[in-house]
Amino acid sequence: MPFRIRVKNAETGASVEMELENDNTVDEVIESAATFWRKDMGAYVVRRGKKVLRGSTSLTEAGIREDDVLELVPDPEGG
Amino acid sequence: MAKPRVIREVRRDPLNRPPPQDISPHPWFTNETKVLYDEALRRGHRLEIYMSSLAEEKMREQSLRAAPRRLEVMGLLLGDVCSWGGRTYSIIRDVGTTDLENSPAKVKFDPSALPRLFNDLDRAGFDYVVVGWYHSHPGHTCFMSRVDLRTQKRAFTQGYHCSVVIDPVSREVRAFKLTGEGYSEVPFALVAPEALRFRRLKPLSSMGTEAETR
Numbered sequence: 000m001p002f003r004i005r006v007k008n009a010e011t012g013a014s015v016e017m018e019l020e021n022d023n024t025v026d027e028v029i030e031s032a033a034t035f036w037r038k039d040m041g042a043y044v045v046r047r048g049k050k051v052l053r054g055s056t057s058l059t060e061a062g063i064r065e066d067d068v069l070e071l072v073p074d075p076e077g078g
Numbered sequence: 000m001a002k003p004r005v006i007r008e009v010r011r012d013p014l015n016r017p018p019p020q021d022i023s024p025h026p027w028f029t030n031e032t033k034v035l036y037d038e039a040l041r042r043g044h045r046l047e048i049y050m051s052s053l054a055e056e057k058m059r060e061q062s063l064r065a066a067p068r069r070l071e072v073m074g075l076l077l078g079d080v081c082s083w084g085g086r087t088y089s090i091i092r093d094v095g096t097t098d099l100e101n102s103p104a105k106v107k108f109d110p111s112a113l114p115r116l117f118n119d120l121d122r123a124g125f126d127y128v129v130v131g132w133y134h135s136h137p138g139h140t141c142f143m144s145r146v147d148l149r150t151q152k153r154a155f156t157q158g159y160h161c162s163v164v165i166d167p168v169s170r171e172v173r174a175f176k177l178t179g180e181g182y183s184e185v186p187f188a189l190v191a192p193e194a195l196r197f198r199r200l201k202p203l204s205s206m207g208t209e210a211e212t213r
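These protein sequence lines are chains A and B, in that order. Numbering-wise, the first sequence is residues 0 to 78 according to numbering that gives the first Met the number 0. Numbering-wise, the second sequence is residues 0 to 213 according to numbering that gives the first Met the number 0.
So that you can see chain B by itself, here it is in the shape it has in the complex (with noise of 0.2 Å):
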């Protein structure tokens, strides 16, 4: 019996775009984050990672929910991968999620409630890229864990993904890419939703890059 075989490999290339103009810190920066974001702005560097605020509130809504027992939540961020003046930068539209396996200190999606999961990724409303995962930290701070970073490392390499990690308790949020072997903090702004209202220019179908496979 032959085994199964790749035929050819259809990329998605980034969506030529510039960023959103209106833009706003998130109020649960710390002071640090702050100051990389206005740093970033200042020097009139764009940023990596802009956020639609709808994205913002389910995330921060259900974090806050399981605040009070110390559950971590958990979800996959749900945008698009954008590239304007020659540097790579995502926007993150909505999330997807489901019912959880989490306790204060570990988080993971219930085996039995994928399909749900996958109900909200049907849902989105777009040819979505995954362009990271968030999870809580409640009263932990913001940080990647041993556990957060090997996630990282094994599903989230590419550039432009992303790690978003909340504490609901402490009103913090932050987020994360993968540098080196570590990990460092990049600052993001929020977008009102009407800012990401855009017109496709071109169907996504074809708006790929065809390679022949191996």
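Just chain A, same shape as in the assembly (with noise of 0.2 Å):
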């Protein structure tokens, strides 16, 4: 059964509702706001409150729920 998210861009304050199924994972919507945005993923974390998702756990293992809200993050590194 479809559900839907909402994915906030930090670096905008824009953000998208996205339409997933329970075994998407963690990673395929993470590249489709990538993809999206045209960004670089490598120079973000994806919170959900205040836990980091990563890899290729599937939604329903991630606790991911209809109308929660991810936020992409930058992750910079200075030198």
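Some hints could be false.
[To be verified] Below, a list of computed lysine-lysine pairs in the DSSO-like style, where the Cα atoms sit at most 27 Å apart: (1) B:Lys107 / A:Lys7; (2) A:Lys50 / B:Lys107; (3) B:Lys176 / A:Lys38.
[What the hints assert, rightly or not] Across the chosen pairs, the derived CB separations fall in these ranges: (4) A:Asp39 / B:Lys2: 47 to 57 Å; (5) A:Asp26 / B:Gly85: 36 to 46 Å; (6) B:Thr140 / A:Thr34: 32 to 42 Å; (7) B:Pro24 / A:Thr59: 51 to 61 Å.
Derived by calculation from the structure, the hints in this document are not laboratory data. A quick note: this is a predicted structure, and the numbers were derived from the prediction, not measured. For every residue, glycine included, the Cβ atom is placed at its ideal position computed from N, Cα and C.
With the hints in hand, could you dock these two chains into one complex?
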């Protein structure tokens, strides 16, 4: 059963509404958002509340539900 | 299995607001930066970056704490993107940071400490935009290194995005923006926190511009 979440881009304030299936993975969500905003995902982390989301876990395993809000946050490196 | 599908985008419009009037230069400006600042004001140019004294104090104190060991520090600049008279500017209202993996020549967030960064973001108390990032160059003066420039090009490419670099040893601070393939210095002004206590005219949720997706 498809469901929807919102993914916010912290560096612009924009957000996208995304339609998903329970067996989609966190990586697929990240890849979709990155493709949409033409971003290099290596420069960001994705959070849900205080938790970093990573990897090939399914959305069910990650506990992501209808109407959840994820956020892309820049992860800079200085030298 | 279907791939995730973007249904629609809601963009954030800049807040329509005049820039702060009660401003001052940073006491750590070099002579060169002070000339840029004075010149911008003398020509009646509005500045592109305003920084609350709260954010400035947090950055300065963090960099000074790590200065005796010559360790770099870093964080995100949280603020608003505003527009007035057809010109866009940013206000840095607060900063977010966490424990770091740092040395005298490199810095990044400690991945295991990201929840603390997220806590800072949630505690900012406003619907922030990450308007840039800051880090320190203890004893190395303020410039954009090759690593800094790569970070800027990967994650901070909007016109309002800046990079603030602080040298707590020589007591310098500068802000930079991308210009073409390189970067250039952009003068900024300090603003007292009370000058930033404005009333929101509309809830943020009603200020966006919706766009159908491809």
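Hint-by-hint comparison with the structure:
no., hint, in the structure
1, B:Lys107 / A:Lys7, "22 Å, holds"
2, A:Lys50 / B:Lys107, "18 Å, holds"
3, B:Lys176 / A:Lys38, "19 Å, holds"
4, A:Asp39 / B:Lys2: 47 to 57 Å, "20 Å, violated"
5, A:Asp26 / B:Gly85: 36 to 46 Å, "41 Å, holds"
6, B:Thr140 / A:Thr34: 32 to 42 Å, "39 Å, holds"
7, B:Pro24 / A:Thr59: 51 to 61 Å, "54 Å, holds"
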